[in-house]
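*Asks:* Given only the sequences and the hints, what does the whole structure look like? Please build it.
From first to last, the protein sequence lines are chains D and V.
One point on numbering: in the numbering used here, the residue at position 18 of the first sequence is 18, and numbering is uninterrupted.
Converting from the second sequence to the numbering used here requires adding 257 to each position, the first position being numbered 1.
None of these hints come from the bench; they were simulated from the model.
Nothing false has been slipped in among the hints.
Listed next, the in silico BS3-like pairs over lysine-lysine satisfying Cα-Cα at most 27 Å (straight line):
1) D:K145 / V:K424
2) D:K111 / V:K458
3) D:K28 / D:K196
Here are the chains, one letter per residue:
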Amino acid sequence: MLELKNVYTSFNKGTVDEMNLFKDFNLKINKGEFVSVIGSNGSGKTTLLNLICGTYDLDDGKILFEGKDITKVKEYKRAKHIGRVFQDPKKGTCSNLTILENFALADNKQKRYSLTKAISKKRIDYYKQIISQCNMGLEDRMNVKVGALSGGQRQALALVIAGMTDIDLLILDEHTAALDPNSSETIMLLTDKVVKEKNLTALMVTHNLRHACAYGNRLLMMSGGEIIMDKKEDEKKNTSINDILTVFNEISIEVGN
Amino acid sequence: MNFLSACDVFLSQGFVYSLIALGYYISFHILDFPDLTVEGTFLSGAVAYGLICSNGINPFLGIILAFIVGALFGALTGVLNVKLKIRPLLCGILVSTMLISINLVSTSVGLVGDFTVSGETSIPYGRDVVTLHSTKLFSFIPARLRDFGNIGLRDLVIFFAFAVICKILLDFYLKTKNGLLLRATGNNTQFVKMLSCDPGKSKIVGLAIGNGLAAISGALYTEINGNVNQSMGIGMIVIGLASLIIGISLFKKVKFMKDTTKVILGAIIYQACLTLAQKLGVPSAYNKFIMAVLFTVALLLSGKLKFKGGSKNA
Numbered sequence: 001m002l003e004l005k006n007v008y009t010s011f012n013k014g015t016v017d018e019m020n021l022f023k024d025f026n027l028k029i030n031k032g033e034f035v036s037v038i039g040s041n042g043s044g045k046t047t048l049l050n051l052i053c054g055t056y057d058l059d060d061g062k063i064l065f066e067g068k069d070i071t072k073v074k075e076y077k078r079a080k081h082i083g084r085v086f087q088d089p090k091k092g093t094c095s096n097l098t099i100l101e102n103f104a105l106a107d108n109k110q111k112r113y114s115l116t117k118a119i120s121k122k123r124i125d126y127y128k129q130i131i132s133q134c135n136m137g138l139e140d141r142m143n144v145k146v147g148a149l150s151g152g153q154r155q156a157l158a159l160v161i162a163g164m165t166d167i168d169l170l171i172l173d174e175h176t177a178a179l180d181p182n183s184s185e186t187i188m189l190l191t192d193k194v195v196k197e198k199n200l201t202a203l204m205v206t207h208n209l210r211h212a213c214a215y216g217n218r219l220l221m222m223s224g225g226e227i228i229m230d231k232k233e234d235e236k237k238n239t240s241i242n243d244i245l246t247v248f249n250e251i252s253i254e255v256g257n
Numbered sequence: 258m259n260f261l262s263a264c265d266v267f268l269s270q271g272f273v274y275s276l277i278a279l280g281y282y283i284s285f286h287i288l289d290f291p292d293l294t295v296e297g298t299f300l301s302g303a304v305a306y307g308l309i310c311s312n313g314i315n316p317f318l319g320i321i322l323a324f325i326v327g328a329l330f331g332a333l334t335g336v337l338n339v340k341l342k343i344r345p346l347l348c349g350i351l352v353s354t355m356l357i358s359i360n361l362v363s364t365s366v367g368l369v370g371d372f373t374v375s376g377e378t379s380i381p382y383g384r385d386v387v388t389l390h391s392t393k394l395f396s397f398i399p400a401r402l403r404d405f406g407n408i409g410l411r412d413l414v415i416f417f418a419f420a421v422i423c424k425i426l427l428d429f430y431l432k433t434k435n436g437l438l439l440r441a442t443g444n445n446t447q448f449v450k451m452l453s454c455d456p457g458k459s460k461i462v463g464l465a466i467g468n469g470l471a472a473i474s475g476a477l478y479t480e481i482n483g484n485v486n487q488s489m490g491i492g493m494i495v496i497g498l499a500s501l502i503i504g505i506s507l508f509k510k511v512k513f514m515k516d517t518t519k520v521i522l523g524a525i526i527y528q529a530c531l532t533l534a535q536k537l538g539v540p541s542a543y544n545k546f547i548m549a550v551l552f553t554v555a556l557l558l559s560g561k562l563k564f565k566g567g568s569k570n571a
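*Replies:* As C-alpha cells, then:
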C-alpha cells in the first residue's frame, strides 16, 4: 500500500554541512502490516516518517500510496488518509479546546469545516464510548480543556483521535517516549487495540526494543539511512530481544554511538 | 450633567472601538498574529462608508461594503504571510502602507472622480447626507436627550447594537466547525494539518474577519467624527490591542462571562480612562501618550506580558 522508490534526501544542501541521509532508499509496506522501526539516533527513522507524511520533501525518488504517486502532494492533503501520533503529546491534540471539541474537530476530518454547529449532541455518547476504552476516566471530563490533562492522558486522546476516522495508515512517531513506564504500557496496549480493531496498516518508530519485539508483525532496523534488518511474521516471532540487541550494539560501535 | 456627557463620550467611543478589539480577539488572541493592517483597514472602512453615504446610497450597504473592503485587505495580509512567507509584522506594514495611497485615491475618485488626488481628500457629512444616524429605521429614537446631559442617545443605541450584534455573530461563529478549526489553528497548526486542513487558509479567514470588524469600526467612527479624514486610522492598533488585553486580563477570573463580552468591556474601560484624563484637564495633545501608557499598564496587568493561555501549554 505504501512504497518508497529510489528515495534520496539530504540535509543542509549546498553547505559544508551537507549530509546525505537516504541514498537510493527503497521500502515497501503491505496492507495490514504493523511495522516497528528501530535504530540509533540519526539513523533516519523519524526522517522516514516525515517523508511519508510530507513534512520533508525528497531530493529525488518517488512515494507511492495505494498505487498513487504522492511525492508532490502537500502534507495536509496526505493527512486525509494518514493518522499520526507524535512523540510530544501536545502535538496531537489542541490544548485550548475541550476534549469534546477535540473530538468534534477530529470527527469532521475528511468533511468540510462549514458554518454549522461543531458539536452534535448525538455524537457525544459515541465519543464517550471511544474514550472510555482508555480506562482513564476521561469520559466524565469531556468539558475539560485538554491543556489540563497529563501527558499520558493527552497521548491516549491523541491516539484515539488519530484512529477515529477512516484512515488507511497510522504513523506512530516514538509516541510512548515522553511517558512514564506505566502510561507507556497503557498507550502501547491501546495502540495495539486500535490497530487491530480498525485493521490499520501502522508504522511505529520506537526506542523501546521490547515494544518493537512484542508488538507488530514486521520489524525494521535502520542505520545510516539504510535498512539493515527486516523480519516479517514468523521470522519476527522467533527473534528475541537479545538477537536484536546484538545487532544493535554492533552497529552502534560502527557509528560510534 | 457634565458627568453624563462624559459617559456619553466614552460609552459611544467604547462601543465603536470594541469592534476593533473584537477583530484583534480573532487575529491576535486566537491566531497569535500581530496584525498591523488594522490602521489601514479602519480608514478603508470609513472611506467606503463615507463614499456610500455621501453618494446617497443606503448606509447599511455602506457598512456591508466597509466589512468587505476590510476583509479583502485583511485577507491580503494573510496571503502575504501564508503564501509568500513574509513575517506577520511586515505583512501588516506592507498592506497598511499600500492602503494609505488606496484610501487617498479612492476618496478623491469617489468624491469628485479625480484620479490625480489634487483636491479635497476628506468627506464631510453635510446636512443632506443620510448616514445611519439619519436613516428612517432609527428615527424613533430621540437623537439627543436635552434634559439629560444632552446625551446622543440615538448614536449610542446604534453603536451598542452593532457591538452586541457583532459579538453574538462572533460567538456563534466560534462554535461552528469552521470557528473551531480557527481556534485550533492558533493553538496547534500540526493538529490542523492532521485534520487534513490547510492551516494557512484558516489564518487568512481569521485575518479577513478581524480586519472586516476593524473596518466597520472605522465606518461607525465617522458618525462620531462627523466626517472622514485621512488621519483617522492613526493609533488604532494601540486602541484595539489595549482594549483587548485590558478586557481579557481584568476579567480573567470571571468564568460566566464570554471572552467577547470581556473585550467589549475592556474597550469601554479603556475609553473611560482616556475620558477621565481629559476631564482632569490634560490637554488633548497628550492623548496618544496617555494611550500608550495605559496600554503598557494593561500589559503589566496581564501577567508579565504572557496573557495567551495557550502559550503555556501548547
